[in-house]
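> Next come the chains, spelled out residue by residue.
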Amino acid sequence: MNITLQVWRQDGPDKPGGFKTYQVNEISEEMSFLEMLDVLNERLTNQGEEPVAFDHDCREGICGSCGVMINGQAHGPQLGTATCQLHMRKFRAGATIVVEPWRASGFPLIRDLIVDRSAFDQIIEAGGYISVDTGSAPDANLIPIPKFVADTAFDAAACIGCGACVAACPNGAANLFTAAKISHLNLLPQGQAERWTRTENMVEIMEQYFGSCTNHGECEKACPKSISIDFIAMMNADYAKSKFKNRRLVAQTG
Amino acid sequence: MTVPLQARVPDGAIAEKWNNHKFSVRLVNPNNKRKFKIIIIGTGLAGASAAATLGELGYDVEVFTFHDTPRRAHSIAAQGGINAAKNYHNDGDSVFRLFYDTVKGGDYRSREANVYRLADVSLNIIDQATAQGVPFAREYGGLLDNRSFGGAQVSRTFYARGATGQQLLLGAYSALMRQVDAGTVTLHTRSEMLDVVMKEGRAVGVVVRNLVTGDVTSHSAHAVVLATGGYSNVYYLSTNAMASNVTAAWRAHRRGAAFANPCFTQIHPTCIPASDEFQSKLTLMSESLRNDGRIWVPKNANETRSPDQIPEGDRDYYLERIYPAFGNLVPRDVASRASKRMVDAGKGVGPLKNGVYLDFASAITREGAAAIEDRYSNLFEMYNRITDEDPFQVPMRIYPAPHYTMGGLWVDYNLMTTVPGLYSIGEGNFSDHGANRLGASALMQGLADGYFVLPYTIGDYLADYLGDPVVPTDDPVFSDIESEVSERVNGYLSADGTRSVDWFHKELGKIMLEHCGMSRSAAGLEKALAEIPALYEEFKTDMRVPGVNESLNQSLERAGRVDDFFELAQVMCVDALHREESCGGHFREEHQTEEGEALRDDESFSHVAAWFWSGDAAKPELEKEELEFENVKLTTRSYK
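Taken in order, these protein sequences are the chains called A and B. The first sequence lines up with residues 2 to 255 when you count with the working numbering. The second sequence lines up with residues 4 to 643 when you count with the working numbering.
Some but not every residue of chain A turned toward chain B, in silico, with C-beta under 8 angstroms:
| no. | residue |
| --- | --- |
| 1 | G13 |
| 2 | G62 |
| 3 | I131 |
| 4 | H185 |
Read the hints as simulated data drawn from the structure, not as lab findings. In this text, a Cβ means the ideal position worked out from N, Cα and C, and glycines have one as well.
Work the whole structure out from these sequences, hints included.
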C-alpha cells in the first residue's frame, strides 16, 4: 500500500519546527507502524537526509519507550495498543497520516518525535515504592492477599509509563499515571505503612509538572494498557484523607 | 594477552560454600561505605537491583542507562515467570533440585558452585519482590500461585500474569528511585558507556556519551559494574529490544576482560514467525504457553487444509511423540531444534510455511475458555494484535528465534571479570546457565546477582582501597580514552558511504543466523569467518551516518553498536568452531546421535572457553576453565 505522512520535524528544543510531507510507497499491511517509519528512515538515509528521530525499544508494547500522536490520537486508532503494536492494516491504502510528538508542557520536546518524560521519574521518586531494604523481607506467603486484591493491584501496576495519558489529556494532566502507581501500592497490605505519605508526596510533585484533571476520560481511552480512571478516584479519595492522616500523632492507618 | 583464570570457588560442601564465603570475605564498615564510589552501567533487573541495594548499604553509587528512564530496560519484556525453590506446592522441590535441574538443563557446562548459590538465594528473591509490592498471581486463599516451566517436573515458577519481568523490574526500579531520592544513587539517563578506563591494571572509571548533546565525559570510581544484558541482536532479528547491544561488554573485553562461551546462544522455541522482509524484531510468546498448548505440524508436507480441517490422525504432535516424559515441556534447545527439523522437512505452517502450530483447543475443551483467558489473556491479545488471528479460534503459529545469550564476560565466584575492579552481572556474564538456560531462570539470575550476590562480594575487593581517592578525571588515562571515543564517533560520521548502518546489521544477522544459529558446522562457520571480515571492511568504508554528533542522532548510536557486533560475531564463530561437540544451544552437525540429538564430549570439552582480545577479532586467545562436577552426575540429557 501507499500512504502519505505528515511528520513533525524539529532539530532541537530551541529550533523552529514544522510538518514535512513524505510519500511512503509500497509498504506491507503486515508491517507495524514503527516498521513503516523504519522504511521511511532507510529511504531518507539513502537520500542523504536525516532520519526521523523517535523513541522505541522493545516493540512488544511493554517498555513504554514509544508513542506518537497519530492523526491526533495518542498511540493511534486502536484501543489498548501502543504505537509499536499498531499495524498498517489498520489504515486505508492512500491515507494521509499526521504524526506528531506527545503534546504536553510536562514533556518538553528533545527532537522530532522524542520528548523528555523525566517528570515521571520525579513522581516515582517522591514515593512510588515500598521502603523495604534488600534482605529485610519476611517470607512471601506470610501475608495472604485475596486474589481479587492482587488482581486489581496488577491492573494498576500494568502501567508502562509511556505518557499517552498526558498527551491525550486536554489539560496535560498526569493523574492516570500517578493514580496507577499510588493505587497499585495502596491496595496491597505491604503498601499500608506509607499509604498516606506516599499519596500526598506523589500528588504534590505531579502538580508541579502537570495540569489538573477535569474528568475528560481521554487518558483511559489512550492508555495502551486500558488502565481504568477508577484509580484516579481512588487516588483522589486517598489524597483527601492523607491531609488528615499525615498529621502528627495520628497513628490510625485504617 | 591472557591471564590465568581463577574462579575463586570457596572450599567446603556445595551447600556450605556460599555461607562460608560470606563469612570469609572482607566487609566494609558501614561508615566507610560512603567513601567508596561504584559505577553501574545498565538498569535492568541486575543493574537496578544492585544499584538499589548498594545504595541502601551506603555506597556512593552512580548509574548510567542509555534509555530515557531506568524502567525501559529489556528485562521488562520477560513474560513467563521466575523460578524459586519455595516448594509451596509440596511437590518435592528443594534448593538441591533447582540446582540440579539448572545444571542439567545447562547441559553440564556451568559452574556448580555458582548455580547452587543461585538456587539458594532464589528463596529470598520472592520474599523481597513480594515485600516491594510485586503483584504475583495468587490463589483464592491468598497464597502465591505457581506454574510449570520447561525442563522441570515441579511447579516452581512464580508469575504476574504474562508480565513478570515488567513487575519485577518495576519493583527494582522503585527501589532504585527510592535511593535516588535518598541521595545515595546518582542517575544519568540517555547516557551510553563507550569505554572502560584502566589504570595500573584495574578498572577506575568509564567514558560516557550523552545521547542528547553528544558530550563525551569521564566518570571515575573504585569499581565498575556492567549490567548491560546479552548480545542476541548480533542476529539482527531476535526477541531483544531494538537497542540491546554488546558495546559495554565488548569495550570491556577489548580492555582485557575475557569473553566466555560466546557461542552459547539460546534460540527460543515460541516466537511469532516473521511475516515479511521488513520485520524489525521478533516477538516472543511466553514458554508458559507450553503448559496448555500442544505443538504440532501436519503429517503431510503438502497439507493445504486450514488447521481446524485437519483431523487428529493427520497431525503430528511431535514433541509428545518423541519425548513422552516431558512432552511439550522439553527444554528450549530441544524444542527449537525439533521445530526446525519439521520446518526444514517442509511441514511448516502459515503463509510462508515458516512456523509450527501451538494449539490450545484441548486445554479450552478441558478447562473452559475462561480459565485459559485468565492465564494468558495478555499473551493472546498480543498475538492477535500482531497477526490479526485469534488463538481461541485458530492455533498460534510459532517458530524459534534468538532470545538469550548464555555466554558473556567471564566472572569468578565474586562476579568479577578478569579485570580487577570490573564486575559483570545478569545476562551479561556467563556463569549460571551453561550451554542452555531454563525458562524463568533469567529473572532469577539477574535479581540474585544484583540483590544478593554482588552487594556481598564487592566489599572484598574494595576493602583494599579504603582511604584511596578515585582517580581524578583529568588524569591522562581518562583524557586519552575520551579522545579515542570521540575519534571513533567522528569516524562514523565522516565515513560518507552509500549504505545505512541497518543494512549492514541485517546482512551480518543473516550470516550469523545461517552459520552460527540453531545448527552449526565446521564448513559453515569457516564460511562465516570469511564473509564477516569482508562485510566488516565494507561497513567501515561504505556506511552512511547522516547528521552530527552534537544532537540526538540515532543512526550514530547504532553505528557504534553494529561496529562492536561485527567483532563479537567473529569470536562467536571461532568459539563455535573450537567447540567440537554439541551441547545445549550449541549444536554442531558433526556431533549428533543417530536420532539427531546433541552429542556432548565431556572428555574434551567440559570446560569454559574464555577468549581474550588479541588485537584481531578473528584470532582471540583461548584460556580454559575446567569444570568439575562433584554433586551432579554427568549423564546424557534425556527428556524421553
